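2 protein chains.
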Amino acid sequence: MSNSKWVYSFGGGSAEGRADMRNLLGGKGANLAEMSSLGLPVPPGFSITTELCNHYTANNNHYPDELKAEVDAALAKVESAIGVKFGDADNPLLVSVRSGARASMPGMMDTVLNLGLNDETVAGLAKASGDERFAYDSYRRFIQMYGDVVLGVEHHHFEDILADHKDDKGVALDTELEADDWKDIAKKFAGKVESELGKPFPQDPHDQLWGAISAVFGSWMNDRAKIYRKLHDIPESWGTGVNVQSMVFGNMGDSSATGVCFTRNPSTGENAFYGEYLVNAQGEDVVAGIRTPQPLTIAEKELNATDLPSMEESMPEMFKELCDIRDKLEDHYTDMQDMEFTVQEGKLWMLQTRNGKRTAKAALKIAVEMANDGLITREEAIKRIEPNALDQLLHPTLDPDADRNVLGKGLPASPGAACGKVAFSAQDAEDRVAKGEKVILVRIETSPEDIGGMHAAEGILTTRGGMTSHAAVVARGMGRPCVAGAGQLRVSYQDQTLKCGGQTVNAGDVVTIDGSRGEVMIGEVKTIQPELTGDFGVLMQWVDEIRELKVRTNAETPEDAETAVKFGAEGIGLCRTEHMFFDPARIIHMREMILAGDVDGRKVALSKLLPYQRDDFINLFTIMKGLPVTIRLLDPPLHEFLPTNDDEMVEVADAAGTDFETVQARAIALHESNPMLGLRGCRLGIVHPEIYEMQCRAIFEASAKVSKDSGETVVPEVMIPLIGSKREYDIMHDMVQRIAAEVSAETGTQLEYLTGTMIELPRAALLAGKIAEHAEFFSFGTNDLTQTTYGLSRDDSGSFLERYQEQGIYEQDPFVSIDEEGVGELIEIATERGRATRGDIKLGICGEHGGDPSSVIFCHKIGLDYVSCSPYRVPIARLAAAQAALNAEKLIDA
Amino acid sequence: MSNSKWVYSFGGGSAEGRADMRNLLGGKGANLAEMSSLGLPVPPGFSITTELCNHYTANNNHYPDELKAEVDAALAKVESAIGVKFGDADNPLLVSVRSGARASMPGMMDTVLNLGLNDETVAGLAKASGDERFAYDSYRRFIQMYGDVVLGVEHHHFEDILADHKDDKGVALDTELEADDWKDIAKKFAGKVESELGKPFPQDPHDQLWGAISAVFGSWMNDRAKIYRKLHDIPESWGTGVNVQSMVFGNMGDSSATGVCFTRNPSTGENAFYGEYLVNAQGEDVVAGIRTPQPLTIAEKELNATDLPSMEESMPEMFKELCDIRDKLEDHYTDMQDMEFTVQEGKLWMLQTRNGKRTAKAALKIAVEMANDGLITREEAIKRIEPNALDQLLHPTLDPDADRNVLGKGLPASPGAACGKVAFSAQDAEDRVAKGEKVILVRIETSPEDIGGMHAAEGILTTRGGMTSHAAVVARGMGRPCVAGAGQLRVSYQDQTLKCGGQTVNAGDVVTIDGSRGEVMIGEVKTIQPELTGDFGVLMQWVDEIRELKVRTNAETPEDAETAVKFGAEGIGLCRTEHMFFDPARIIHMREMILAGDVDGRKVALSKLLPYQRDDFINLFTIMKGLPVTIRLLDPPLHEFLPTNDDEMVEVADAAGTDFETVQARAIALHESNPMLGLRGCRLGIVHPEIYEMQCRAIFEASAKVSKDSGETVVPEVMIPLIGSKREYDIMHDMVQRIAAEVSAETGTQLEYLTGTMIELPRAALLAGKIAEHAEFFSFGTNDLTQTTYGLSRDDSGSFLERYQEQGIYEQDPFVSIDEEGVGELIEIATERGRATRGDIKLGICGEHGGDPSSVIFCHKIGLDYVSCSPYRVPIARLAAAQAALNAEKLIDA
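Sequence lines, in order, name chains A and B. Under the working numbering, the first sequence has 22 at position 22, and the numbering climbs by one with no breaks. Under the working numbering, the second sequence has 120 at position 120, and the numbering climbs by one with no breaks.
It is possible that some hints are incorrect.
A pair counts as met if it fits within one copy or between any two copies, since identical chains are not told apart.
[Stated by the list, open to error] Derived lysine-lysine pairs resembling DSS-like cross-links, with alpha carbons at most 25 Å apart: (1) Lys320 to Lys435; (2) Lys188 to Lys169; (3) Lys230 to Lys770; (4) Lys192 to Lys5; (5) Lys526 to Lys770; (6) Lys861 to Lys770; (7) Lys435 to Lys708; (8) Lys409 to Lys608; (9) Lys85 to Lys68; (10) Lys188 to Lys705; (11) Lys127 to Lys85; (12) Lys842 to Lys320; (13) Lys526 to Lys5; (14) Lys708 to Lys347; (15) Lys770 to Lys320.
Calculated from the structure, these hints are not laboratory results. Predicted, not measured: the structure shown is a model, and the values here were computed from it.
Working from the sequences, and respecting the hints, build out all of it.
Written out as structure tokens, the structure reads:
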């Protein structure tokens, strides 16, 4: 790829880039340029494009020839804007070097500050700033950061030197160290780098700069970045930009400060300025969560009941300027902004703005309020919500009346309640989850290395760091409840304990966290269902006005059906009748049926199941109040109902009034090499029609009764599973019609119903045109269709699926998001052919993909009538359907 | 369906029908019409169309209103041609009523002779013929046949009455009975019918006629007919015609006779008139094989070393007339004819002609000779041979030098040698075969009820009946070796023994039959490979000039490869490398590899397998002499190489130098719910690349060596199994290239090879365009593609496949003939997309369908480059490919 321009300058009230160039400049660089153009105080600098990152990766870590000249020119511009020179021994220009990808990747990419310092320029900085202690502190910070990030000298080496120095001097705090201490420490740091690497710490500022740029580009391909991208579906091809910017210092004494703020509350969505800052600190100190920061406003201070002075109080002028900037930026971007700022000796500088990450609750509130205020349209409000994020709102929260054995309190960093066994390391968390346990990850503070464990955990608890700490930001992004900075609690990794007020929690003990209140409880606490009103209700109403796809649910129990209706389900798209046979009172008859030697024996057993099954449907039809209910006839192979070990077989034999040998022989006879591809679905209906006949009878007797009782006609949809050819379907279709006619005659009821099939085999998709001659609806069973299209058993894919995702063979787990290329094409073929035969054929999807937003968008695109998903995914599907109708591309976190 | 004409008349030198109306009139009716038009002596009659059969079946066994008038008119025509009246008490017209389907279905359909006789007309027949004995014999035959076939009175009732009567009279033979005996017996027969049915035997000839017509149409749907159609792929929709024809009598004394003859020898194909006849007999006597018939010609008489006088000797004028008709019909039909004739008191009548069934050997000889004589073209000769019939010629025959313990001798009714355990009933034969045994079905004579057992058996032996008996005709049609009419042998169903000359064979004992010589041997006799020269060689040469599809073989052993080359294979299309690991010397290393805890352990074990694998390929490349060899890398899941029971696990542990627990744990870890859809094929290559690397190394080291040694470049085709996506293929492709480059560098050889994949998953077919970006060939793995497209495990389908075929859901077993609608469409999609990306991509098929003629025709139609099949199917595929090139429709036995 050839590009005429690799470097874009900004600062001093103008810029070469714009906010809409984020793909090229990365988010940070694009927004720095935009802020410059808006006339906001941005330290001058330049961005190197993401295309250069791709060029660098593709060319074995080499740069194009023309880059050096472009960087030199941009650097000269900065020098001229500030009036200081890079490498000037008297008054050096110092720069930060940061990554800036298209999508925000917090903590993933590496940063170097104070670049340009060396043994000479540090003296110049001391002179120019008039603060020798600051200059040498800055120098040692630079050596430490550069040594770690660029040169790969592990940071504990530096921490050891610092700790030894403090011990020698008999002091505890960094603030107790003086200029000479830092001078000494900087020398020791540089010496450590030399002894570790066998060559001296680089003194040439240009060498430093190129080293840092390469480190940023190189870090795009490090493991942490790869994992983050995998978790967030970010393509490798996007690349990162590099931002080189003149340094400003928040650590030049008490008239300096640094902070992070949000134009609205990112946790609740409340329209209140919100943030944290630290006096006399560099920006990394706030984000890294090492010092507990101060509140930005008086209101926050009161809310958090802290004594730390707010910026509103201690720096009122700076605060006012920042408030103006807040208004300007939110108006300009029409979205909640997450900003970084630094005050250097009484002068405010803006270092970053971006659309702020927020909880689902906050996202809802902000979107609804902005739309109501006319700042954005309702359509835009709908597009702003990541459908999967709703999941946070739909799950139970803690019952406020339940007893809580509160161990301690921290910051409410990410809402929702979570409960699980304590794990003190990311690895332990992953190991426990792999064994099927639910886990709360408990850390003093989290770091990018913990990403895997955070993802595995139900919730996250840290004892250090604020609302913008790594743990808080990442947890909100993942939708995991999080309590951060719970300073009363003591974690010992050594002892594997969490202690507070004389109580001790060991690894593996159960705790509950309430991310909305910041509380940590011992044991499990009772939960309550979420409220689905307020902002959620308003948005979902807008959503329903816009979406075209109907949303149904997969449910067979009254509980699930009720939950789904509450969540807005417009019918049942999949009622799996087999689940109804596992109840102990029923499975015995099911087994009797399977063990019977002939049709008559099976019919006797089936006649005992009929009343149960009929009651099941009466319940469902009553709950669904005339909404469509699609009932799938028995699907799994019969051996699933038989036990596999001898003891249980003896029990079953006793219960069924037969002997062990009979049960064993039947189990052996029914054994299959590949049950997924065996005698199941409609094959059972062909071989043992009496089973389906009983089920149809139960359906029609129930619909006749509920129609009569309620006065509202119930229109069940009878679904034949695993159809692979037209005649197979036709035989089953005739059977359904026949039983309906029988029940109609017996009950004197005019029955209304539809008969249709699942399309879950490639052959059924191809033959859809013929099958549709009689089938009145198709429901795509995407689980099985994925299995057969890929030749991939979901149960057995665990041994290699991860490897496949790592190697980029599967970009997505095909059982989570529809594989549009393969499975999707079959669905499209079936849709076209089905409709060609029968224009009004009803088309839906009932695999687990029905609740996956990108799959919902696909279903909308190809014109299905509905999706069906598990009850808790119904609102997600509704929102995704509306976004699809708005022709929204998949939203990338901005 | 409405048709203006249901009935077609023939006879008296003209006819309303023609030979090319066989679809409408059935084969027999069409040919009777044709013979009439040719001026041959055909007793007048009429045919009711096959469309009427469909109408009758579709309308719940009711006739259209207009039929009666058409039948009456046609009957009147016959009456006027013969000059006698139906039901005339003085000189009655008698008719036969026979079925006549589009395809010959020997013995399947029912026949009634002498219809029109009743208590009155029998006297008229006696008077008119001047032979009372003949008249009453005819009457009792009619009552018996009509009673059995039309009225459903079981034939043993009649046989018992006849036997009792003979006992009473103290005679043994029918010929010893006189007119009064037959009169008495006829009365008893009629009485039996009345006592069985509760109503008298029908006396009205018109009632008799309609009863017989309905019985024929009804018999189209009887079980025997259904089974025959299923075995021979005859659609139910074809229907049967009914032929009503004035009777002629071969049983009117010694100047009367009846016979069956072929224009050429149907067993050897020799251009010699060939047939059998019986003096003073009705046609059924010859075909049913109840009396052993006499030879037609002197030559035959000498060949069979019989004393029975030939027709050539005893009826020289009739014989000469028949010879003229033979010449006329063969010239007219340009194919070998199978004719039935009757001589009634010195007058020859032709009752049937049709293209004669023949052995594969005869078919070849006749086709080649007719083409060489210019009677037909070479193309026509090729179309004449049913590819599957070649199977008879390709299998071993008995070694002429081997010791033969000859038990007895019969007629060489269907060629080829077969060996198996004796079963004395069709049921026993089927049961034994179901248990995996090979069976020779031994019967006194066979009947249509035995079809299932005949199909199951390796060969058939009867002790009664001639070359045109049921057993002989059906066996030739099925390609089963058959010895018929072995009159020296005695079968006792009671004792379950076969005896001859003091030797006894019990059920389950092994015998060998030689259908080419008519010999029956005790025990197993050594066999030799077939000669592939002569007519076979000539025809295959013509075939090779015409066909466009290449034919390769599936082979991994040197033996198979050598056989295939001899059969004309043009390469190996599928070498399954896993078969090479089951040898005891190797499986131990395979297991070591599987049990190894890490990559290094696996590599050590693989390094021990490398020399074996390399030698395998050296052998194959050497045998194939530069022909292409496609090698599929390891495909099955690793657990297939581990034992499943504890004892074997202990052995394996010992052999592999580990403990039982390790072996057991590994087996459990590798267990899969659906191995077909699990960790196999290229998934192994992705997860354990070292396995495929070893295999590629073996391939390339072998090809380097053989190329060097032979001076001829070996171009292996490395095939990656179970590809489902592009990136998966690309990773594997890169691996192959890498190993090739390594071996090339190490050996200093320029390697030539292709890398490609199997298309055996629906997703691979859909993504073929992308996969073809790097893949140089596709081989359709139609076994797995059928399994995944249908969602049907071949191993587990047995429990319902038969039911599916019975219910017409699957017209063909999709694992035998390619499902063109579903699987076929995927193959077409992949073909189009693959070629769109890579115009010269090599396309072939390597599933078992590669040897199935109709599948070969499909492969030709969609333009594949080659098919690959098992060695013995190679000539069949070659012939099918030529027929496909000739645009031949699937040949139906004429």
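Index of numbered hints that the structure contradicts, given in increasing order: 1, 4, 5, 7, 8, 10, 12, 13, 14 and 15
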